[in-house]
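Visitor: Here the sequence shown is numbered in this note's numbering, starting from -5 and rising by one per residue.
These are calculated hints, taken from the structure and not from any lab test.
Here the structure is a predicted model, which is why all the values come from computation and not from measurement.
Ideal Cβ placement from N, Cα and C applies to all residues, glycine included.
Warning: the hint list may mix true and false statements.
Quick list of simulated restraints, FRET-style, between CB atoms [what the hints assert, rightly or not]: (1) Arg60 <-> Leu39: 29 to 37 Å; (2) Arg30 <-> Val58: 41 to 49 Å; (3) Phe33 <-> Arg60: 35 to 43 Å; (4) Ile47 <-> Cys2: 17 to 25 Å; (5) Thr29 <-> Met52: 31 to 39 Å; (6) Val58 <-> Leu18: 36 to 44 Å; (7) Ala(-4) <-> Arg30: 29 to 37 Å; (8) Trp35 <-> Arg60: 36 to 44 Å; (9) Gly9 <-> Ile44: 16 to 24 Å.
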Amino acid sequence: MALVDLTCLPCCVSGTFSIRSGLLAPVHSFATDDTRGIFLWRFFLLMTGISMILFSQMKQQASVRRT
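Please work from the sequences and hints to get the whole structure.
Guide: Structure below.
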């Protein structure tokens, strides 16, 4: 179930950031500052990468403990 959570949240956040940063044109244009959008994308990718690495390490440790 945690893997579903880890994939669902980044998808929701990436959809929000892609609209807010101006990559996609929303009905209401919120994104007027391109530098803020790039910062948000990088921050999002960093947090997603860190969470995926931590999840895979925890999963490997759990499988080692079972054997």
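Visitor: All hints, please: hold or fail.
Guide: Hints, verified against the model:
{"no.": "1", "hint": "Arg60 <-> Leu39: 29 to 37 Å", "in the structure": "holds (32 Å)"}
{"no.": "2", "hint": "Arg30 <-> Val58: 41 to 49 Å", "in the structure": "holds (42 Å)"}
{"no.": "3", "hint": "Phe33 <-> Arg60: 35 to 43 Å", "in the structure": "holds (41 Å)"}
{"no.": "4", "hint": "Ile47 <-> Cys2: 17 to 25 Å", "in the structure": "holds (18 Å)"}
{"no.": "5", "hint": "Thr29 <-> Met52: 31 to 39 Å", "in the structure": "holds (35 Å)"}
{"no.": "6", "hint": "Val58 <-> Leu18: 36 to 44 Å", "in the structure": "holds (42 Å)"}
{"no.": "7", "hint": "Ala(-4) <-> Arg30: 29 to 37 Å", "in the structure": "holds (31 Å)"}
{"no.": "8", "hint": "Trp35 <-> Arg60: 36 to 44 Å", "in the structure": "holds (38 Å)"}
{"no.": "9", "hint": "Gly9 <-> Ile44: 16 to 24 Å", "in the structure": "holds (20 Å)"}
Violated hints for the displayed structure: none, as all numbered hints are satisfied.
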